[in-house]
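Take the given structure of chain V and dock chain S to it, following the hints.
Protein chains in written order, with the numbering used here: chain V, 415 to 617; chain S, 7 to 202.
If you are wondering where the hints come from, they were derived from the structure by calculation, not from laboratory data.
Hints may be right or wrong, so weigh each one.
Unchecked claim - Label pairs and their computed distance ranges (CB to CB):
hint, chain 1, residue 1, chain 2, residue 2, range
1, V, Gly577, S, Val70, 50 to 58 Å
2, V, Gly577, S, Lys9, 29 to 37 Å
3, S, Ile113, V, Glu578, 51 to 59 Å
4, V, Ile422, S, Lys135, 27 to 35 Å
5, S, Val70, V, Val495, 46 to 54 Å
6, V, Thr610, S, Val70, 50 to 58 Å
7, V, Arg481, S, Tyr74, 25 to 33 Å
8, V, Lys612, S, Gly194, 41 to 49 Å
9, V, Ile422, S, Leu11, 29 to 37 Å
10, S, Val171, V, Ala502, 17 to 25 Å
Stated by the list, open to error - Covered stretches of chain V, as calculated for chain S (at least 3 residues, CB under 8 Å):
hint, region
11, 419 to 425
12, 517 to 524
13, 531 to 541
Quick caveat, the model's predicted, so the values are computed rather than measured.
Ideal Cβ positions, reconstructed from N, Cα and C, are used throughout, including at glycine.
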Amino acid sequence: MQLFKDFINGLWNENPIFRMVIGICSALAVTTAASNGIAMGLALTFVLTCSSILVSLLRSVIPAKVRIPCYIIVVATFTTVVDLFMKAYFPALYEVLGIFIPLIVVNCIVLARAEAFASKVGLARAIADALGMGLGYTWAITLISMIRELMGAGTLFGYRVMGEGFTPWVSAILPPGAFIVMGILVGLINVINRKTAKRTQCH
Amino acid sequence: MAKELFFIIIGAVFVNNFVLSRFLGQCPFLGVSSKTETAVGMGMATTFVLTMTAVAAYFLQNYVLAPYGLEPFLQIVSFILVIASLVQLVEMVVLKISPALYNAFGIFLPLITTNCIVMGAALLIPMYKYNLIKSIALGLGAGLGFTLALVLMSGIREEMEFHDVPEALKGPAIVFITAGLLSMIFLGFTGLVPLG
Chain V
415 MQLFKDFING LWNENPIFRM VIGICSALAV TTAASNGIAM GLALTFVLTC
465 SSILVSLLRS VIPAKVRIPC YIIVVATFTT VVDLFMKAYF PALYEVLGIF
515 IPLIVVNCIV LARAEAFASK VGLARAIADA LGMGLGYTWA ITLISMIREL
565 MGAGTLFGYR VMGEGFTPWV SAILPPGAFI VMGILVGLIN VINRKTAKRT
615 QCH
Chain S
7 MAKELFFIII GAVFVNNFVL SRFLGQCPFL GVSSKTETAV GMGMATTFVL
57 TMTAVAAYFL QNYVLAPYGL EPFLQIVSFI LVIASLVQLV EMVVLKISPA
107 LYNAFGIFLP LITTNCIVMG AALLIPMYKY NLIKSIALGL GAGLGFTLAL
157 VLMSGIREEM EFHDVPEALK GPAIVFITAG LLSMIFLGFT GLVPLG
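One chain only, chain V, in its complex shape:
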């Protein structure tokens, strides 16, 4: 039950993108097409899960004073793994995501979960939390990228969705679109949360 709670936490209550608003550099930059969103999300989930496992296993070994540099090294190692893997097997995708794959190393989400969660709990809970956070990040940026792709190009995952008469709103793919779509989504999620909070109060 506790594990399930840890897992769900990242998906909605403490969703890194919409609720905590951390690690959003990549969420804004790579979300020009839906497939980029999924790829970036899975890359981050991998790094987050692996580093949470290692940090949780090493939590009694790492001295408290140098813990941050230790976490950074762990995260950097797994980021290199993802970086080399994507460069070798998905060169086209790697080209599009650009420096945002190596930049996972300075993504606040990974370091924040290592410091605030994985270093304090056992292996099973650390994995549940990392998977929840990673998938929470993935659905959030996939949603953003689907909206941007749909409005900016009229396609979804590369397939034409909008009819012939649709005029693409190019701004959605350009930088301003990222900020505006993100702002409106964060606002919407706030509204939904306020509604559900009120309902639970009434009962």
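Same frame as chain V, but now just chain S:
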């Protein structure tokens, strides 16, 4: 050469502003942009570290990583370590040389290690194959661009406190939308610098 350097700096500040069009350094852009005073301090501290990092990244890349063929698998690890220790070093030096300056932007320094604008600029230098002078120009330009975006945003946010923002958009949401409008303004600078 001078013309090229000018274009690199103008490009990093206006045309491809590191915050508003390359999306680097979003966390401090949202976190420390509520007051102009702190925004200026953070911007200056980041510019300082960015310029130093550009120099360090250039030497690390061209004299250590590339000659020994370590680039593919040690680049990320070594860059982040150099940035972390550089930030620590800058903090100690500033504290020793000028306590007044330390009070002004010392508290922002530890935050800069995980600011992706620093790591991003460091990674762009080997990608663009810049020489030392151009690397410094890129670091400086990135820092100035970051400061400009931060100060603009803090000015708007200070003004926004006196206005009615819809309840749901309070907090980060309205900041994103404001940033979107700012970014749209910066799109107007496209074409200011010739491509390539």
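A quick look at each hint next to the structure:
1. V/Gly577 - S/Val70: 50 to 58 Å: Given a distance of about 56 Å, which is inside 50 to 58 Å, the answer is holds.
2. V/Gly577 - S/Lys9: 29 to 37 Å: 48 Å, violated
3. S/Ile113 - V/Glu578: 51 to 59 Å: Once the Cβ atoms are compared, 57 Å apart, the range 51 to 59 Å for glutamate 578 of chain V and isoleucine 113 of chain S holds.
4. V/Ile422 - S/Lys135: 27 to 35 Å: Roughly 47 Å apart at Cβ, these two residues miss the hinted range, so it is violated.
5. S/Val70 - V/Val495: 46 to 54 Å: 22 Å, violated
6. V/Thr610 - S/Val70: 50 to 58 Å: 54 Å, holds
7. V/Arg481 - S/Tyr74: 25 to 33 Å: The hinted range 25 to 33 Å holds for arginine 481 of chain V and tyrosine 74 of chain S, with Cβ atoms some 30 Å apart.
8. V/Lys612 - S/Gly194: 41 to 49 Å: 43 Å, holds
9. V/Ile422 - S/Leu11: 29 to 37 Å: 52 Å, violated
10. S/Val171 - V/Ala502: 17 to 25 Å: Once the Cβ atoms are compared, 48 Å apart, the range 17 to 25 Å for alanine 502 of chain V and valine 171 of chain S is violated.
11. 419 to 425: violated (count 0)
12. 517 to 524: With 5 residues in contact (Cβ-Cβ under 8 Å with chain S), the coverage given for the region 517 to 524 of chain V holds.
13. 531 to 541: violated (count 0)
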